[in-house]
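Q: The chain contents come next:
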Amino acid sequence: MTDFERKAVISGIGQSAVGRRLNRTDLDLTLDAALEAIADAGLTVADVDGIATYPGAGGGAPPGFAGPGSPEVQDALRLKVNWHSGGIEGAAQIQAVINAVMAVSAGLARHVLVYRTVTEATAQGSGGRAGIGVGGGGGGGAPRMGGTMQWSIPFRAYSAANWLALNAHRHFHEFGTTPEQLAMIAINARRNAQKNPKAVYTDPMTLDDYFAARMITSPFRLYDCDAPVDGSTAVIVSAAEHAKNVDHPVARVEAMATALRGRPSWDQFDDMTTMAARDVGAQLWTRTDLRPSDVDVAELYDGFSFLTMVWLEALGFCGRGESGPFIEGGTRIALDGELPVNTHGGQLSAGRLHGFGFIHEAVVQLRGEGGDRQVPRDVEVAAVANGGGPIAGAMLLTREG
Amino acid sequence: MLPAPFRVQPALDDTNRFFWTSGADGRLRFLRCQACGYWLHPPIPRCPECGSRDVAPEAVSGRGEVFSYTVNHQSWDGSTEPYVIVLVTFPEQEGMRLTTNLVDCPLDEIRIGMPVEVVFEQHDQVYFPVFKPVIA
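Note that the protein sequences, when read in sequence, are chains P and S. To get the working numbering, take the position in the first sequence, counting from 1, and add 65. To get the working numbering, take the position in the second sequence, counting from 1, and add 757.
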């Protein structure tokens with residue numbers, strides 16, 4: 066058991082406007098989120114002495130995916146930092162927060178601004194989401210594919226939707242999971258989004274609506290895939306003693322997990338029905354006395370609906386292979402259920418803020434600020450999971466104050 | 758046989774060229790460690806099991822099994838018809854898999870566990886290994 070995580074708290078959160086096509090720059094959105102988080106943490110800009118982001122800039126990411134790099138944001142705020150970091154490799158999007166916790170715990174920084182910004186809705190325009198290596202409609206002149214992508218793109222497996230669909234069908238085969246069960250993730254997300262004023266999709270969704278929507282790549286239908294948006298989310302990771310200086314509860318970092326013990330590959334990973342979430346889940350519970358039954362809300366990555374099912378199993382909220390029956394009917398995972406899941410509507414309905422929306426929502430729930438979507442129980446422990454497939458990261462947060 | 762679909766071409770280099778040109782003689786090849794017998798994919802310079810650099814392409818039988826599948830409907834590359842992506846496993850080694858396409862199979866006859874065999878789709882110098890059902 067370790068306690069270094071508990072030297073850090075999330076003292077403030079912020080988020081820009083979130084929308085389908087805001088036509089604002091990624092830096093503009095980031096500054097909104099950052100300034101809100103800094104103020105929420107009871108700080109001034111001058112107090113911030115660290116900065117971190119996922120994925121950072123300069124990696125040749127698709128348009129609208131990366132957001133501004135940390136130097137750009139540091140400069141825009143004229144921060145004087147004692148620690149700074151940004152990058153795409155690691156335990157999924159939450160790695161940036163994990164890095165900030167380590168910096169604070171090591172005493173390298175006292176208040177770290179961590180942000181994730183996307184402008185994918187504006188970048189994609191009316192063309193919709195493209196596969197990797199091809200444009201929105203045609204293929205002539207596509208570049209030759211080297212590296213890891215050569216093992217998927219030339220076989221017309223252009224998207225994570227395709228790659229993860231293979232995992233989903235394997236789960237169906239091994240455990241008898243059904244499309245009706247899978248549908249509950251999307252339906253639960255839409256139901257919760259209706260109570261979230263910032264969610265982008267709030268029209269009611271029935272099981273009939275889910276099945277009537279077009280198939281993308283079986284078993285994933287339209288509503289199994291998250292909704293690209295523009296938006297920025299920021300948190301402030303502070304030294305734990307700062308909690309007494311803030312006029313609202315803070316989220317104490319109880320445990321974090323970053324393990325990846327199988328092959329870091331979409332198709333060579335030993336267990337296709339769990340992938341890296343398995344290793345993260347196992348590691349997480351070794352770092353705390355808490356147990357899955359102590360968790361009051363679970364904000365579990367739903368870039369594709371199936372990932373939330375993977376996380377429910379990997380984090381021990383249900384047995385191996387049992388996520389289908391666990392979510393059947395959507396009762397257990399509802400706001401008033403035994404384990405509320407994706408209380409803000411997830412990326413499926415609240416928008417693809419790419420990982421940080423779950424962190425933000427966990428803190429909102431811990432602080433009792435969820436408004437119409439606040440779960441009707443005393444929220445003391447929140448679980449947050451990011452990523453899926455061969456990258457995964459997770460965190461447990463507890464309420465303090 | 759349907760006309761060959763559009764495919765993004767792999768960039769050939771000294772590491773992967775054997776794989777993408779293997780089909781010239783109708784055989785599917787993976788790298789195999791000549792010291793310990795481990796099949797390694799994707800190809801890398803050293804055996805991850807024993808560390809030996811004595812790795813060389815070797816032909817497999819070309820038979821495999823469908824480990825999973827997805828029928829793609831989204832028009833990522835301008836396609837107008839659904840096509841099938843499969844994950845194929847090979848009897849030569851547990852855990853070695855290939856993401857590839859299933860061809861010549863009605864969509865409602867796809868089954869996880871069905872036996873398949875390799876056929877090659879030639880685009881210039883590159884032979885794409887795709888799989889068709891083994892007719893019993």
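In case anyone wonders, no lab produced these hints; they're calculated from the structure. Just so we're clear, the structure is a prediction, and the values are computed from it rather than from any experiment. Some hints could be false.
Claimed, not checked - Simulated DEER-style distance windows between Cβ atoms:
hint: 1; chain 1: P; residue 1: 112; chain 2: S; residue 2: 808; range: 46 to 56 Å
hint: 2; chain 1: S; residue 1: 872; chain 2: P; residue 2: 128; range: 41 to 51 Å
hint: 3; chain 1: P; residue 1: 402; chain 2: S; residue 2: 852; range: 35 to 45 Å
hint: 4; chain 1: S; residue 1: 872; chain 2: P; residue 2: 136; range: 31 to 41 Å
hint: 5; chain 1: P; residue 1: 272; chain 2: S; residue 2: 772; range: 41 to 51 Å
hint: 6; chain 1: S; residue 1: 809; chain 2: P; residue 2: 347; range: 24 to 34 Å
hint: 7; chain 1: S; residue 1: 781; chain 2: P; residue 2: 88; range: 32 to 42 Å
hint: 8; chain 1: S; residue 1: 816; chain 2: P; residue 2: 173; range: 52 to 62 Å
As the list claims (entries may be wrong) - Some chain P residues flagged as far from chain S (calculated, every beta-carbon gap over 12 Å):
hint: 9; residue: 85
hint: 10; residue: 145
hint: 11; residue: 152
hint: 12; residue: 195
hint: 13; residue: 212
hint: 14; residue: 219
hint: 15; residue: 236
hint: 16; residue: 272
hint: 17; residue: 311
hint: 18; residue: 385
hint: 19; residue: 399
hint: 20; residue: 465
Said to hold, decoys possible - Pulled from the structure, derived: some chain S residues nowhere near chain P, Cβ distances all over 12 Å:
hint: 21; residue: 760
hint: 22; residue: 781
hint: 23; residue: 783
hint: 24; residue: 793
hint: 25; residue: 815
hint: 26; residue: 863
hint: 27; residue: 889
Built from N, CA and C at the ideal position, the CB exists for glycine as well.
Q: Over 12 Å from every CB of chain S: does residue 212 of chain P meet that, or does the non-interface label fail?
A: 8 Å, violated
Q: Does residue 272 of chain P really sit off the interface, with its C-beta more than 12 Å from all C-beta atoms of chain S?
A: 20 Å, holds
Q: Would you check whether the claim that residue 783 of chain S is not at the interface survives, using Cβ distances to chain P and the 12 Å cut-off?
A: 19 Å, holds
Q: Hey, does residue 815 of chain S actually stay past 12 Å from chain P on C-beta?
A: At about 18 Å from chain P, residue 815 of chain S clears the 12 Å cut-off, so the statement holds.
Q: Are residue 112 of chain P and residue 808 of chain S spaced within 46 to 56 Å by their CB atoms?
A: 51 Å, holds
Q: Taking the shortest Cβ-to-Cβ distance between residue 145 of chain P and chain S, state whether it exceeds 12 Å.
A: Holds, because the least Cβ-Cβ distance between residue 145 of chain P and chain S comes to about 44 Å, which exceeds 12 Å.
Q: 24 to 34 Å was suggested as the range; check whether the CB atoms of residue 809 of chain S and residue 347 of chain P agree with it.
A: 32 Å, holds
Q: Decide, holds or violated, for the assertion that all CB atoms of chain S are farther than 12 Å from the CB of residue 311 of chain P.
A: 46 Å, holds
Q: Residue 781 of chain S and residue 88 of chain P, beta-carbon distance inside 32 to 42 Å?
A: For residue 88 of chain P against residue 781 of chain S, whose Cβ atoms are near 52 Å apart, the range 32 to 42 Å is violated.
Q: Using the Cβ atoms, figure out if residue 872 of chain S sits within 31 to 41 Å of residue 136 of chain P.
A: At 55 Å between Cβs, range violated.
Q: Over 12 Å to the closest beta carbon of chain P is the bar; see if residue 889 of chain S clears it.
A: 14 Å, holds
Q: Just double-check residue 219 of chain P for me: nearest Cβ-Cβ distance to chain S has to come out over 12 Å.
A: Not fine: 5 Å to the nearest Cβ puts residue 219 of chain P too close to chain S.
Violated hints, listed in ascending order, are 4, 7, 12, 13, 14, 15; each of the other numbered hints is respected by the structure.
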